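Participant: Going down the list, the protein sequences come from chains A and B.
The first sequence begins at 199 in my numbering and counts up by one.
The second sequence begins at 4 in my numbering and counts up by one.
Think of the hints as simulated: they come from the structure by calculation, not from any bench.
A hint or two may mislead.
Stated by the list, open to error - EDC-like cross-link-like pairs, simulated, lysine to aspartate or glutamate; straight-line CA separation at most 20 Å:
#1 LYS60(B) x GLU199(A)
#2 LYS239(A) x ASP41(B)
#3 LYS296(A) x GLU75(B)
#4 LYS296(A) x ASP57(B)
#5 LYS296(A) x ASP100(B)
#6 LYS296(A) x ASP33(B)
#7 LYS12(B) x GLU242(A)
#8 LYS201(A) x ASP41(B)
#9 LYS12(B) x ASP57(B)
#10 LYS296(A) x ASP62(B)
#11 LYS86(B) x GLU65(B)
#12 LYS74(B) x ASP41(B)
#13 LYS201(A) x ASP62(B)
#14 LYS254(A) x ASP33(B)
As the list claims (entries may be wrong) - Now the stretches of chain A that chain B is said to cover, found in silico as 3 or more residues with beta-carbon under 8 Å:
#15 260–269
#16 283–292
#17 298–307
Note that the structure is predicted; figures quoted are calculated from it, not measured.
Don't be surprised by glycine CBs; every beta carbon is placed ideally from N, CA and C.
Residue-level listing of the chains:
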Amino acid sequence: ELKVEQNPLFLSMQEGKNYTIYCNYSTTSDRLYWYRQDPGKSLESLFVLLSNGAVKQEGRLMASLDTKARLSTLHITAAVHDLSATYFCAVEGTNAGKSTFGDGTTLTVKP
Amino acid sequence: DGGITQSPKYLFRKEGQNVTLSCEQNLNHDAMYWYRQDPGQGLRLIYYSQIVNDFQKGDIAEGYSVSREKKESFPLTVTSAQKNPTAFYLCATHSPDRGYGYTFGSGTRLTVV
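Please take these sequences and the hints and turn them into a complete structure.
Facilitator: Written out as structure tokens, the structure reads:
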């Protein structure tokens, strides 16, 4: 059974600081997604990482994938208040298209 | 605009009642999914369908049923057998090449009264 673990679950940071969210998963997969959810809203897709060593960047967010370590990271650079949200990683298992989600990391950026 | 429409946005269910959540898409995607989200938790897969007239159980299918009679539509029925249905329900589609994440609808909040 595929298990996905994120840490930390809660993260409070000051504007301008850097931090990293970690996503570990238990079985082989070479497709991993990151999503963002604002309070009371649905999820929106941020990144898809398809192969070992993949790196994607959008603004202050950068995601990477290490399939050998079964680890993905979401790095936040110089955080701003608009980045406050819950971030989920999701891993696609052997059944193509079916994803298992982590519990999410709730990020609060304070001035 | 292409997208997914879920309705209603809020739904109240009495004990012992079946309710149906609607999910309609105009993205022309074959694959559709239903996920459940409980407060402070991730999403758990209820049912999914990769083609019309076919669907599979996800991890928490007990107490739910679905149909897929049209490509555009994937309704979810929450039956009286689902003992703890209060949650946020999300419908999603996936493009054929899965080169992008799921596209989600805006969700339905179901509350038992």
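Participant: Would you mind marking each hint as holding or not holding in the structure?
Facilitator: Hints and how they fare:
1. LYS60(B) x GLU199(A): holds (15 Å)
2. LYS239(A) x ASP41(B): holds (13 Å)
3. LYS296(A) x GLU75(B): holds (19 Å)
4. LYS296(A) x ASP57(B): OK: LYS296(A) and ASP57(B) at ~15 Å, within 20 Å.
5. LYS296(A) x ASP100(B): holds (13 Å)
6. LYS296(A) x ASP33(B): Within the cut-off at roughly 13 Å; holds.
7. LYS12(B) x GLU242(A): holds (18 Å)
8. LYS201(A) x ASP41(B): Roughly 18 Å separates the two Cα atoms, so the pair holds.
9. LYS12(B) x ASP57(B): violated (26 Å)
10. LYS296(A) x ASP62(B): Answer holds: LYS296(A) to ASP62(B) is near 11 Å, not above 20 Å.
11. LYS86(B) x GLU65(B): Answer holds: LYS86(B) to GLU65(B) is near 10 Å, not above 20 Å.
12. LYS74(B) x ASP41(B): violated (28 Å)
13. LYS201(A) x ASP62(B): holds (12 Å)
14. LYS254(A) x ASP33(B): Given that 20 Å is the threshold and the Cα spacing comes to 27 Å, the pair is violated.
15. 260–269: violated (count 0)
16. 283–292: This one holds; 3 residues, not fewer than the three required, reach chain B with a Cβ under 8 Å.
17. 298–307: Coverage by chain B holds here, the residue count being 5 at a Cβ distance below 8 Å.
Going through the hint list in order, the structure does not satisfy hints 9, 12, 14 and 15.
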